[in-house]
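Number of protein chains: 2
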Amino acid sequence: MRDDPSMISQKAKYALRALLALADLDAVSISAAELAERERIPRKFLEQILADLKRDGLVQSRRGAAGGYALLKPADTITFGHVLRLIDGPIAPLPCLSRIAYRPCEDCEDEATCRVRKVFALVANSARAVLDQTTLADAIAHPGRPLGLPQDIFGTA
Amino acid sequence: MRDDPSMISQKAKYALRALLALADLDAVSISAAELAERERIPRKFLEQILADLKRDGLVQSRRGAAGGYALLKPADTITFGHVLRLIDGPIAPLPCLSRIAYRPCEDCEDEATCRVRKVFALVANSARAVLDQTTLADAIAHPGRPLGLPQDIFGTA
DNA sequence: TCATATCCTAGTGGACTACTAGGATATATG
DNA sequence: CATATATCCTAGTAGTCCACTAGGATATGA
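The listed protein sequences derive, respectively, from chains U and X.
Counting along the first sequence from 1, when you hit position 70 you're at 69 in numbering that gives the first Met the number 0, and nothing is skipped either side.
Counting along the second sequence from 1, when you hit position 124 you're at 123 in numbering that gives the first Met the number 0, and nothing is skipped either side.
Among the clues, some could well be false.
Treat identical chains as interchangeable: a pair holds within one or across any two.
[Claimed, not checked] Listed next, the in silico BS3-like pairs over lysine-lysine satisfying Cα-Cα at most 30 Å (straight line): (1) LYS117 x LYS53; (2) LYS43 x LYS117; (3) LYS117 x LYS72; (4) LYS43 x LYS72.
I should point out that these hints are in silico values taken from the structure, not numbers from a laboratory.
Model, not experiment: these values are computed from the prediction.
Please take these sequences and the hints and turn them into a complete structure.
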């Protein structure tokens with residue numbers, strides 16, 4: 000038995016927490032050191048993560064004294080799915096179910112009739128439904144709102 | 000970026016394929032060697048997998064010439080979730096969301112208000128909804144039937 | 001007896017995670 | 001200008017895990 004396969008990486012968790020913290024700030028910037036302390040993230044590791052986020056355009060930075068990081072896009076345009084794919088790679092239980100990094104299963108005879116694939120396609124769709132429709136803003140907002148999910152979770156296949 | 004985090008293990012895929020093949024047989028038994036060839040699974044690896052399945056009571060075996068393996072439980076009582084947990088461990092994107100192996104996130108201040116947790120709870124619930132309600136029989140049956148999903152996918156939280 | 005099975009334990013190469021380390025470069029302030 | 005404070009960039013590393021392979025002990029039917 001594996002430890003936990005479906006688990007997201009620590010790095011992705013840090014990235015999401017950092018982005019949420021930046022969204023909390025709203026307009027002001029914060030240094031990596033301060034952010035690291037506030038969110039209990041190893042500082043040097045956080046720097047690498049912020050570099051990834053910057054490379055993707057989610058975050059902007061300023062160097063030197065009084066420098067720091069700030070969100071570059073509105074919090075309601077950044078989805079959990081986007082961040083997760085950026086840091087952790089494809090969201091797909093099988094390579095043959097990935098949209099951004101499709102690869103056939105090497106030992107699979109016929110993809111169209113694969114019964115394992117058919118079931119995990121449902122899993123993938125439902126996970127994506129949540130991740131691609133939930134934004135940082137959703138996660139922050141009003142505790143009253145129940146983080147709702149919309150229609151058509153399982154696609155049309 | 001990771002290769003693919005949400006991916007199930009090759010071992011779990013083999014286990015599911017093996018069980019489906021056993022369910023196809025229906026009543027008759029088959030040797031590991033034959034099953035391995037049919038499903039393109041490394042023979043020795045498959046033996047280990049079958050041992051796991053046997054230990055869990057899903058499969059029975061007979062030794063010696065004319066020995067082999069057979070399903071021990073009806074195919075409509077074996078869920079994908081059960082097999083996945085058996086082979087791959089907990090189905091939870093965060094340790095604090097696992098039901099069978101709960102552990103708090105070490106760097107998490109307050110679980111109740113954790114915004115990352117809140118979102119991934121939805122992911123976990125929707126994945127479990129599929130996996131715990133889909134049986135081997137469902138995966139085998141009639142191509143007409145669309146592998147439907149029932150109500151209340153997101154729990155009551 | 002002998003071929004054919006399952007059963008059981010070890011071990012291994014390669015990949016990946018979660019960091020740490022060290023310093024180069026840029027910027028505000030005195 | 002000097003200095004403190006930041007970001008930026010590249011390497012490296014201990015530990016863990018996956019996906020097997022290897023080798024043989026044990027049981028069973030012919």
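(request) Go through the numbered hints given earlier and state which of them the structure violates, listing their numbers in rising order. (result) none
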